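All chains should be built: construct the whole structure from the sequences, respecting the hints.
The opening position of the sequence shown corresponds to residue 865 in the working numbering, with each subsequent residue numbered one higher.
Derived from the structure by calculation, the hints contain no laboratory data.
Don't take every hint at face value.
[To be verified] Restraint ranges, calculated between C-beta atoms of paired labels, are given here:
1. Lys931 - Leu911: 18 to 24 Å
2. Asp899 - Ala929: 29 to 35 Å
3. Asp874 - Gln896: 15 to 21 Å
4. His897 - Gly917: 25 to 31 Å
5. Glu889 - Gly917: 25 to 31 Å
Given the structure is predicted, the values throughout are model-derived calculations rather than measurements.
Where is the CB? At the ideal position from N, CA and C, for every residue including glycine.
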Amino acid sequence: MTPTVDWIADDHQVISIAITSGSKERVAAYLQHHDLTFTTINDERGLLSHTWGVRATPTIAIVKAGKIASITTGITTPPGLLARLWQA
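Here it is, written out as structure tokens:
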């Protein structure tokens with residue numbers, strides 16, 4: 865998980881999807897080790913990523929009013945993520 869996503873979670877709702885990252889215990893241990901407290905869904909078999917068409921990580925989707933307003937793949941900076949939020 866990028867530091868940028870952790871930073872944005874201080875002021876915005878973040879739901880992270882751990883894609884084929886192992887058991888729920890492994891994901892929970894990772895989150896605890898890195899002191900990440902936002903909601904994380906463990907997509908252990910990759911079903912959500914397949915449904916959303918995610919083929920690479922990190923992929924950031926901004927959802928507004930129940931619809932995907934922006935979706936990008938790759939590392940981003942805090943200003944880059946804020947720009948995506950403002951444009952959504």
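Now for the hints, and whether the structure bears them out:
| no. | hint | result |
| --- | --- | --- |
| 1 | Lys931 - Leu911: 18 to 24 Å | 20 Å, holds |
| 2 | Asp899 - Ala929: 29 to 35 Å | 31 Å, holds |
| 3 | Asp874 - Gln896: 15 to 21 Å | 18 Å, holds |
| 4 | His897 - Gly917: 25 to 31 Å | 30 Å, holds |
| 5 | Glu889 - Gly917: 25 to 31 Å | 28 Å, holds |
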